[in-house]
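2 protein chains.
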Amino acid sequence: MTDFTLFQPRLASRMSGVQASEIRELLRVADAPGVISFGGGIPDPSLFPTADMAATVTEILADPAQGARALQYSVSEGEPELRQWVADRLTAQGVTCAPENVLITSGAQQGLDFLGRILIDRGDEVLTEWPTYLGALQAFGPNGPVYRPLEGHNAMGATTGPGRKAFAYVVPDFANPTGATMTRAARDRLLALAEAEDFIVVEDNPYGALRFEGEVLPSLLALDAGARGHVDASRVVHLGSFSKILSPGLRVGWMVAAKPLIKKLVLMKQASDLNAPRLNQMAALRLAQAGLDTRIARAVERYRGKRDAMLAALETAMPEGLRWNRPEGGMFLWLTLPEGMDAAALLPKAIEAGVAFVPGAAFYPNRDVRNCMRLSYSLPSEADIADGIQRLGRVLRG
Amino acid sequence: MTDFTLFQPRLASRMSGVQASEIRELLRVADAPGVISFGGGIPDPSLFPTADMAATVTEILADPAQGARALQYSVSEGEPELRQWVADRLTAQGVTCAPENVLITSGAQQGLDFLGRILIDRGDEVLTEWPTYLGALQAFGPNGPVYRPLEGHNAMGATTGPGRKAFAYVVPDFANPTGATMTRAARDRLLALAEAEDFIVVEDNPYGALRFEGEVLPSLLALDAGARGHVDASRVVHLGSFSKILSPGLRVGWMVAAKPLIKKLVLMKQASDLNAPRLNQMAALRLAQAGLDTRIARAVERYRGKRDAMLAALETAMPEGLRWNRPEGGMFLWLTLPEGMDAAALLPKAIEAGVAFVPGAAFYPNRDVRNCMRLSYSLPSEADIADGIQRLGRVLRG
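As given, the protein sequences belong to chains A and B, one line each in that order.
According to numbering that gives the first Met the number 0, the first sequence is numbered sequentially starting from 0.
According to numbering that gives the first Met the number 0, the second sequence is numbered sequentially starting from 0.
Extracted from the complex, chain A is given alone in its bound form:
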């Protein structure tokens, strides 16, 4: 039996909309040698702390007590010292919080999954940027939300509908997929709207440390907790991760929120996978304590160079009628084609020409905008970026 006759009738109703993405399958092909991929938001592995990681793991495992601890079960909340580090780092950024406000997760993605399950009932509204992070749509989807665009993010009229609002979800700094950053005024407006309409705000911030230029803006959590005196009084749930500043393979992220919500989320962590891998937490903490800001500075320099290479190539290679932004940080740039063009239809041709991107429709909750694409500059070399954009220009010229 290779069909699905045994299991298909038994799938829970929440699975009805869940299916593999054709785009993902296509991009898998794009991993072939000779294709320059602007597809995934993949960190440059030459930035990874491989030698320091080996030394750190060896040091942990050489100590009998630490070694036994590293390979044992752990508490679902996460390692106390790592929770303390997260709390200290946020406090230094003006967010008064305690280790008890922190849950360690398997990357920020797991935080999105937990929030969807804990906060969304079928038919609840989720407010998002338009487009927004695909992984968030995948995480929230099985819970049956209705998506509404946040103010200023489309021309669909009313910001919110008649349903119960589960929360607003935003990536305020160097967003995936657009690379755009919410202005200070937009942050204030969102928090005022959340206060007026009494909804939770989920702030996903994996890229915030990767700022190339421009003014550092306070996080939504800093603004809201600042105004209220403490995270415990804030309606913002903040997600962070080591994935973009240390290593995504470790799968160590965190959520920061009022303690009562963290307590519920700890129960979900326990039921989901007991605890995050302990050795990973211990190693990430040690690497974070020793020179993280130096690592981040190096990453910022590297990714700024790559962004500049992409911007320069776009200037020379793109035909008339295309628009793109100049991200102030992060890993992505957003390209808008003339009205009526469909980026997804161009992808097979592009792959044939040796370049790949992610068509933009996947990032729209209703998949209703098609003349756009996400270009990630984080992984390819500057030379490949120049080459790849030239190839893309030729494809776009037809």
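Do not rely on the hints blindly, as some may be mistaken.
[Unchecked claim] Computed spacing ranges between beta-carbons, pair by pair: (1) B:T90 to A:G33: 33 to 39 Å; (2) B:L10 to A:R23: 28 to 34 Å; (3) B:A184 to A:S20: 43 to 49 Å; (4) A:Q7 to B:A195: 17 to 23 Å; (5) A:T90 to B:G162: 30 to 36 Å; (6) A:S20 to B:A50: 39 to 45 Å; (7) B:N324 to A:D197: 51 to 57 Å; (8) B:A184 to A:G33: 58 to 64 Å; (9) B:T90 to A:R396: 49 to 55 Å; (10) A:A54 to B:V368: 49 to 55 Å; (11) A:A97 to B:D367: 56 to 62 Å.
Just so you know, these hints were derived from the structure itself, not from any lab.
Virtual Cβ for every residue (Gly too), placed ideally from N, Cα, C.
Chain A is already provided as a structure; the job is to place chain B on it using the hints.
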């Protein structure tokens, strides 16, 4: 604000039954020095491969290509070589399967979470042993199942009710919490019932390798896939893990099932946490390829000695009227008190006397049986086991 006024009204309805366990809080106290705990199913850390793990991680990270790979994002399915290892190991146990039948998870617990979400609609029946694994109840709970006892596991009459059956869940080898093993006849009966009533069988097998004595019995997957020729034709979903034979801190487990179901589960893995940590998968694979059976033999010897110490102590220390079993493997033993006694009521007194256990009611889906307790012998030394059982005996004598 330290109450829950902001978030409580926003919790999804599926969270209504989810709350912290008082027992767990009590057992947290039992971690105090001076208390001998038979509480958690915690592996003996002196069995952990700390030195080999350090050497393996160093070796992986010293190779530039391997190191970059280890710290990078990975495919949601899991590392191909590890999936191959799982498939090969099962094939050697008589289960014909391919790497595409395997999904790598964050411990077997994540497999339970995924199965609950993918297969249970509110009101669906889940058939279980009675008592059963608490973590499974926690994983399935938010999806709203109705639990029914499997044949032979209570005297409640009818095995199944009128609802749609999501699946049967069993731990056939050295079950958590009882330490009991399903006979070959019971396995055959369960598979025949599943065939007759057309439901899925979830086989959770974290302890199977830890057999101290007695005949090795074929897994449910081996029986069903054997009868049908291939895993792809089987109605059994099999869960395994390195937690009890290598290290729980790595959080590396696996699910084995027909390919179409694995494909759906891969989508769930992707939405939940993208992928299992890659370094952990690579290191676990290398340790599994080099001497896993020697490690298992050492663990079997160690845990057999501890079980024997507990059985010997029970013989001398327990008052009349108590019953317990002789597990043939694993980490747990089940103690039944006289009718009318409540193990939970004894726990505070026991902790005061310097010994802890898990009251049995927590393992019953309806929490309706109270005169029983789970004793885990895996973590304490043989001397502490003897001491702890003496203390427990004094508490039980009043």
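Right, here's what the structure says about each hint:
no.	hint	in the structure
1	B:T90 to A:G33: 33 to 39 Å	holds (36 Å)
2	B:L10 to A:R23: 28 to 34 Å	holds (32 Å)
3	B:A184 to A:S20: 43 to 49 Å	holds (46 Å)
4	A:Q7 to B:A195: 17 to 23 Å	holds (20 Å)
5	A:T90 to B:G162: 30 to 36 Å	violated (50 Å)
6	A:S20 to B:A50: 39 to 45 Å	holds (43 Å)
7	B:N324 to A:D197: 51 to 57 Å	holds (55 Å)
8	B:A184 to A:G33: 58 to 64 Å	holds (59 Å)
9	B:T90 to A:R396: 49 to 55 Å	holds (53 Å)
10	A:A54 to B:V368: 49 to 55 Å	holds (52 Å)
11	A:A97 to B:D367: 56 to 62 Å	violated (39 Å)
The structure shown violates the earlier hints numbered 5 and 11.
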